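Trainee: As they're listed, the protein sequences go chains L and S.
Using numbering that gives the first Met the number 0, read the first sequence as starting at 0 and increasing by one per residue.
Using numbering that gives the first Met the number 0, read the second sequence as starting at 0 and increasing by one per residue.
Keep in mind that the hints were calculated from the coordinates and are not lab data.
Don't take each hint at face value.
[What the hints assert, rightly or not] Result set (EDC-like, lysine to aspartate or glutamate): computed pairs, CA atoms no more than 20 Å apart in a straight line:
1. Lys5/S to Asp74/L
2. Lys76/L to Glu129/L
3. Lys76/L to Asp52/S
4. Lys144/S to Asp52/S
5. Lys398/S to Asp142/L
6. Lys250/S to Glu239/S
7. Lys320/S to Asp74/L
8. Lys15/S to Asp142/L
9. Lys130/S to Asp70/S
10. Lys77/L to Asp52/S
11. Lys162/S to Glu207/S
The structure displayed is predicted, hence computed values, not measured ones.
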Amino acid sequence: MSLVIAEDITKDYRVGEVIVPALRGVSFEIDPASFVSFVGPSGSGKTTLLNLIGCLDTPTHGRMTVAGVDVGALDRKKGAAFRGANIGFIFQDFNLLPVLTAYENIEYPLLMVQNIPAEERRRRVTTLLEAVGMADQAGKRPDQLSGGQKQRVAIARALVTSPKVVLADEPTANLDSKTAHTVVELMKKMRDERQTTFIFSTHDQKLVSEVEIIFRLEDGLLASPRNGEG
Amino acid sequence: MMNLYKIALRNLLRYKRRTLLTASLITVGVVFVLVFVAVSGSFKAMMIGQITDAMLGHIQIHKRGYVASIDNLPLNLNLNAQTAARIDEFLGKQKNIEASSPRLKFGGLFSNFIESTNIRLNGIYPDREFKTVPLLTSRISEGRKTIAKGEILIPALLAKGMKVKVGDSVVIVATNKDGSVNGKQFVVAGIMEGVTGPGGRDGYVHIEDAAEVLRMPELEISEVAVRLKDFDRLQPLAREMEKQLTGEFTKDGKFPLEIHTWEGLSPFANVARMLDIMTFFIKLMLVALVLISVLNVMMMAVYERIREIGTMAAIGTPPGKILMLFMMEGLSLGVLGAIIGGGVGLLILFILNAAHITFNFGQQQGLLLQAYVNPMDFATIAVIVILVSVVASLQPAFKASRMEPIVALRHV
Numbered sequence: 000m001s002l003v004i005a006e007d008i009t010k011d012y013r014v015g016e017v018i019v020p021a022l023r024g025v026s027f028e029i030d031p032a033s034f035v036s037f038v039g040p041s042g043s044g045k046t047t048l049l050n051l052i053g054c055l056d057t058p059t060h061g062r063m064t065v066a067g068v069d070v071g072a073l074d075r076k077k078g079a080a081f082r083g084a085n086i087g088f089i090f091q092d093f094n095l096l097p098v099l100t101a102y103e104n105i106e107y108p109l110l111m112v113q114n115i116p117a118e119e120r121r122r123r124v125t126t127l128l129e130a131v132g133m134a135d136q137a138g139k140r141p142d143q144l145s146g147g148q149k150q151r152v153a154i155a156r157a158l159v160t161s162p163k164v165v166l167a168d169e170p171t172a173n174l175d176s177k178t179a180h181t182v183v184e185l186m187k188k189m190r191d192e193r194q195t196t197f198i199f200s201t202h203d204q205k206l207v208s209e210v211e212i213i214f215r216l217e218d219g220l221l222a223s224p225r226n227g228e229g
Numbered sequence: 000m001m002n003l004y005k006i007a008l009r010n011l012l013r014y015k016r017r018t019l020l021t022a023s024l025i026t027v028g029v030v031f032v033l034v035f036v037a038v039s040g041s042f043k044a045m046m047i048g049q050i051t052d053a054m055l056g057h058i059q060i061h062k063r064g065y066v067a068s069i070d071n072l073p074l075n076l077n078l079n080a081q082t083a084a085r086i087d088e089f090l091g092k093q094k095n096i097e098a099s100s101p102r103l104k105f106g107g108l109f110s111n112f113i114e115s116t117n118i119r120l121n122g123i124y125p126d127r128e129f130k131t132v133p134l135l136t137s138r139i140s141e142g143r144k145t146i147a148k149g150e151i152l153i154p155a156l157l158a159k160g161m162k163v164k165v166g167d168s169v170v171i172v173a174t175n176k177d178g179s180v181n182g183k184q185f186v187v188a189g190i191m192e193g194v195t196g197p198g199g200r201d202g203y204v205h206i207e208d209a210a211e212v213l214r215m216p217e218l219e220i221s222e223v224a225v226r227l228k229d230f231d232r233l234q235p236l237a238r239e240m241e242k243q244l245t246g247e248f249t250k251d252g253k254f255p256l257e258i259h260t261w262e263g264l265s266p267f268a269n270v271a272r273m274l275d276i277m278t279f280f281i282k283l284m285l286v287a288l289v290l291i292s293v294l295n296v297m298m299m300a301v302y303e304r305i306r307e308i309g310t311m312a313a314i315g316t317p318p319g320k321i322l323m324l325f326m327m328e329g330l331s332l333g334v335l336g337a338i339i340g341g342g343v344g345l346l347i348l349f350i351l352n353a354a355h356i357t358f359n360f361g362q363q364q365g366l367l368l369q370a371y372v373n374p375m376d377f378a379t380i381a382v383i384v385i386l387v388s389v390v391a392s393l394q395p396a397f398k399a400s401r402m403e404p405i406v407a408l409r410h411v
């Protein structure tokens, strides 16, 4: 069964008196353990689509089902609980909490969202810190880390709750190409090891080659998916 | 909860200067209120102590109508011997009363054989009077700390004006309630410092001498001063006493007595009330200061951390925890201000007391300022600051918790 099912999704935004269509009837399915990218120019609807999958926004029409749940129908509290249990987020600007160390940032969702016992938290955080190669930087705060290191911590944070889907909006946009490649490789490795579905958006052509399934978006419409070259 | 608190504290430390500034503002407010409460409270307590313990007593019992004419010292409104004895018996049975003292008050002419002037006198049983108003002896600046029959204690201003010293003979002349005049010679046993308030410049003689001057066939009493064991329960005990006396003395539907606490007898009660009102408004200013400064800093914090709030919400932090996080920041600011303010305030009070500052009030000179804040006031001020800090952070915290993650994440 597909992990993500989008059925004829439309999303309109109101800008003043004008209604701007961001998505104009998008349907697709994503299987578990996929490594998927939405590509397209700015304003094509990539981020909107990720927000809808991530239960951060609701479609104007259509139905978005993630892990069997119609995420568009969840209220604020249930939405937060669903995200906490099923979805990991990786942001373009890393969005680490500046007052927490790398270790604490990764631990945060276990502590504040899932209430996992201390021993289990320590085990999971340590495992992930090693997996993303940040074990020796665990005590550093975000302002003491490089962009690539921050994104590694963000990947670990996204994975620590063992989510079904990790959503990454332009995860390499603020990284140099070498670091970007390393980060994508790391995400792939995590997918292979944990069977977590990775869905990310990018308009970086060099990264497109790393992806297995590509959805091309243009003006809010989806072209047919095709396999990546990597 | 501890983890939320840890994050809240770190967020406060992130903006050290702002946190310090806000905490300093709260500190200044707390120090100001503490010092004001301590100084005004000590002044009030000292004055009340002087008035009740050196002059009036805690409660006074008179014949109905006496207090309205108290300036005239009306002899025709005295309590007769039988009523006085019944009151004495009644007071003797009361467990809450430490001592009571009957007084015979009258006005007369004071003569040093060269010149004469008016004087107000209290006829007292020295032992009972000194138990009821124990600071009375401390007012005797010269001479013996008591009086015997045939002796008189005179106020310092009179002694100075009439050039009378301890050991001198003087004459008291008074008119009794029938209009006949009588005189008696006394020896000055002591000279008393005056105190502010009614009766603060009265002289004292033995009550039997007073009755003799006034040619009373049997002893009448102008008032009975009462000292309670627990002054803090003055009002309820006074009400209870009035109730019991009413039950015991009412005859033909008329209650022949009147009972007043010191507040109904001394104009200083109004000063004390004014001090209480001022203290209330000073505390209100502290509330406003804390409210505005914490509200301001928390609103700034929420505005500056919108994307951070968006991130926390996006990864699934429940709205309640986001609310708690910001409220804890406000709470911490309040606690910090209360602790520093309390510490600095106590230090200032310690320095004030160590400096032995004196002041004058009316006739009383060289009163020593002993600023003291009782633990209850201290706790009240701290609780006010902390509670107001929490209340002030409620709106910004609520705003943060209700933020749509998608909107917050888009914020630049």
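Trainee: It remains to establish, for every hint, whether it holds in the given structure.
Mentor: The hints, checked one at a time:
no. : hint                 : in the structure
1   : Lys5/S to Asp74/L    : violated (29 Å)
2   : Lys76/L to Glu129/L  : violated (33 Å)
3   : Lys76/L to Asp52/S   : violated (65 Å)
4   : Lys144/S to Asp52/S  : holds (15 Å)
5   : Lys398/S to Asp142/L : violated (27 Å)
6   : Lys250/S to Glu239/S : holds (19 Å)
7   : Lys320/S to Asp74/L  : holds (17 Å)
8   : Lys15/S to Asp142/L  : holds (17 Å)
9   : Lys130/S to Asp70/S  : violated (25 Å)
10  : Lys77/L to Asp52/S   : violated (69 Å)
11  : Lys162/S to Glu207/S : violated (27 Å)
Figure legend: structure checked against the earlier numbered hints; hints not met, in rising order: 1, 2, 3, 5, 9, 10, 11.
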